[in-house]
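What follows is each chain in one-letter form.
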Amino acid sequence: MPAARAWSPPPLIANPWLRWGAYGAVVLYLVLALGSIEVNWARVVAGLERGWAFVGAFLRPDFAARWPEIVDGMRESLTMTVTATVAGVTLSVPIGLGAARNIAHPAVYLACRALIAVSRSFQEVIIAILFVAMVGFGPFAGFLTISVATIGFLSKLLAEDIEDADPGQLEAVRATGCGWWQWIVYGVQPQVMPRLIGLCLYRLDINFRESAVVGIVGAGGIGATLNTAIDRYEFDVAAAILLIVIAIVMVAEYSSSRLRKWVQ
Amino acid sequence: MEAGNGVLRLERLAKRYPTGDLALDGVDLDIPAGQVLALIGPSGAGKSTLIRCVNRLVEPTAGRVFLGEAEVTALGKRELRRARRRMGMIFQEYALVERLTVMENVLSGRLGYVGFWRSWLRRFPQADVEHALALLGRVGLEAMVDKRADALSGGQRQRVGIARALAQNPDILLVDEPTASLDPKTSRQIMRLLVELCVERRLAAVINIHDVQLAQMFAGRVVGLRAGRVVYDGPPEGLTARTLTDIYGEEDWSKTIRPDEGETLGEAAAAAHAAALRPVRLDRDRVEGQV
Numbered sequence: 001m002p003a004a005r006a007w008s009p010p011p012l013i014a015n016p017w018l019r020w021g022a023y024g025a026v027v028l029y030l031v032l033a034l035g036s037i038e039v040n041w042a043r044v045v046a047g048l049e050r051g052w053a054f055v056g057a058f059l060r061p062d063f064a065a066r067w068p069e070i071v072d073g074m075r076e077s078l079t080m081t082v083t084a085t086v087a088g089v090t091l092s093v094p095i096g097l098g099a100a101r102n103i104a105h106p107a108v109y110l111a112c113r114a115l116i117a118v119s120r121s122f123q124e125v126i127i128a129i130l131f132v133a134m135v136g137f138g139p140f141a142g143f144l145t146i147s148v149a150t151i152g153f154l155s156k157l158l159a160e161d162i163e164d165a166d167p168g169q170l171e172a173v174r175a176t177g178c179g180w181w182q183w184i185v186y187g188v189q190p191q192v193m194p195r196l197i198g199l200c201l202y203r204l205d206i207n208f209r210e211s212a213v214v215g216i217v218g219a220g221g222i223g224a225t226l227n228t229a230i231d232r233y234e235f236d237v238a239a240a241i242l243l244i245v246i247a248i249v250m251v252a253e254y255s256s257s258r259l260r261k262w263v264q
Numbered sequence: 001m002e003a004g005n006g007v008l009r010l011e012r013l014a015k016r017y018p019t020g021d022l023a024l025d026g027v028d029l030d031i032p033a034g035q036v037l038a039l040i041g042p043s044g045a046g047k048s049t050l051i052r053c054v055n056r057l058v059e060p061t062a063g064r065v066f067l068g069e070a071e072v073t074a075l076g077k078r079e080l081r082r083a084r085r086r087m088g089m090i091f092q093e094y095a096l097v098e099r100l101t102v103m104e105n106v107l108s109g110r111l112g113y114v115g116f117w118r119s120w121l122r123r124f125p126q127a128d129v130e131h132a133l134a135l136l137g138r139v140g141l142e143a144m145v146d147k148r149a150d151a152l153s154g155g156q157r158q159r160v161g162i163a164r165a166l167a168q169n170p171d172i173l174l175v176d177e178p179t180a181s182l183d184p185k186t187s188r189q190i191m192r193l194l195v196e197l198c199v200e201r202r203l204a205a206v207i208n209i210h211d212v213q214l215a216q217m218f219a220g221r222v223v224g225l226r227a228g229r230v231v232y233d234g235p236p237e238g239l240t241a242r243t244l245t246d247i248y249g250e251e252d253w254s255k256t257i258r259p260d261e262g263e264t265l266g267e268a269a270a271a272a273h274a275a276a277l278r279p280v281r282l283d284r285d286r287v288e289g290q291v
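Chains as they are written, first to last, in the numbering used here: chain Z, 1 to 264; chain S, 1 to 291.
Excised from the complex, chain Z in its bound form (with noise of 0.2 Å):
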């Protein structure tokens, strides 16, 4: 009888000076990390007695003391979200299919892909700094912001999945003879039409969300309200504004799915 062989799995790492060297350095690293951190007990203790009156103030959110400016607040964060997910989805379309490399001319292709990469290295918070310095305060900048930051989403996303289109299926329609333009809608978009609006969908959902957060830096919307309302220690007034952006964004995200089911 043959002696039993013993059998494990292929390490991630073959050489085992090199295994044991790279785990010993990401704890060495970690420990050294966790030790540079300063906490001040002192202003923790603090801190969580404020966390205790917000927690607190949630429990009697305050509707009505500031029940105009929230409404102002919220139709402009809604209009700001409808209005750049448009704007951003129409411009985002002619820039996917200029970045996707299996229909694009390659000169067009990088043009997009740059223009991409330039939209997506920014976050939101920042380019919304921009565009207030820009044009000024006002729920204009945040409309430009999540335009802005629409297309780096859907147009990378869009072109990466026109990228995976089945090649048979666009070499059969390219051997009818057609023109491009007849190629995309006959080839490419029935490939990626309910990805693209499921992105969509996806993508209103987020720019409520970063309605609300734009406005933190003067991009206009429930934001400014939010900022304003801790700003003077309303507690009572931030968590109602909390409450219903938590409300609105579960709506969203709730039939966003529904529709994406459907469009399938």
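Don't read these hints as lab results, they were simulated from the structure. Predicted, not measured: the structure shown is a model, and the values here were computed from it. There are no misleading hints in this set.
Calculated from the model, a selection of chain Z residues having no Cβ within reach of chain S, i.e. all distances over 10 Å:
1) ALA25
2) VAL82
3) ASN227
4) GLU253
Pairwise CB distance ranges (calculated):
5) ILE197(Z) / LEU121(S): 13 to 23 Å
6) TRP180(Z) / ASP150(S): 20 to 30 Å
7) GLU130(S) / ILE197(Z): 27 to 37 Å
Even for Gly, the Cβ is constructed at its ideal location relative to N, Cα and C.
With chain Z fixed as given, assemble chain S onto it according to the hints.
Frame of chain Z, contents of chain S only:
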């Protein structure tokens, strides 16, 4: 084979891929109208490259392609699209646009003839719609017009692929492994249908095919390709153990050489003539067994 007045003529056609692989090495072919040519050869012999060089889905590196009088290899973009309308293409994996309906797939064969807005809004000319419906009837799918392509079986999909190619009103069919994804029975039905349609319409066809027996059964001429060169060009009866060894390499070919029973080209052609007399119906009975 008379030379010079073929519907498709290749002169010293060559293709070298950027990787350095020489897929076609000076191929000369002259295909008269109505001829069904089977292109056989091992994987990587250049069969797919050859038919894609004809309509320049793959750009040949050297040589010339003539479609009738027009030199395809000398055409600009716009003229190339016009030339492509006259070459119907049929694919191994059917290559239907999966999320479009059967009818939309067939009508996509008309894209080269119809403007962008009409095609986008699906407002095709009445004649195109009728032609498409007649073709779907001919291939036995009139009941499937508004089904989505991804709801069909393999054999049905290939029928849609054939209808799409014919909707172009082509002079020639370029067929890439039409039966490679199908079972043996469906393969025969599809090949028979293709040959019948070619006979009915005096259409030439270049059919890439792996299955030597199917090639012998249905084609009027067989061309063997090996490493990008033509190593056999003649009637199906001319395929012997020796010629097959030339094409594919050493192997026991004694079982492959001549199918002892089953259809021959003569039978398929006779069936097609019967079909021409009863234009639409012949293939339907066969389809029904399989739907």
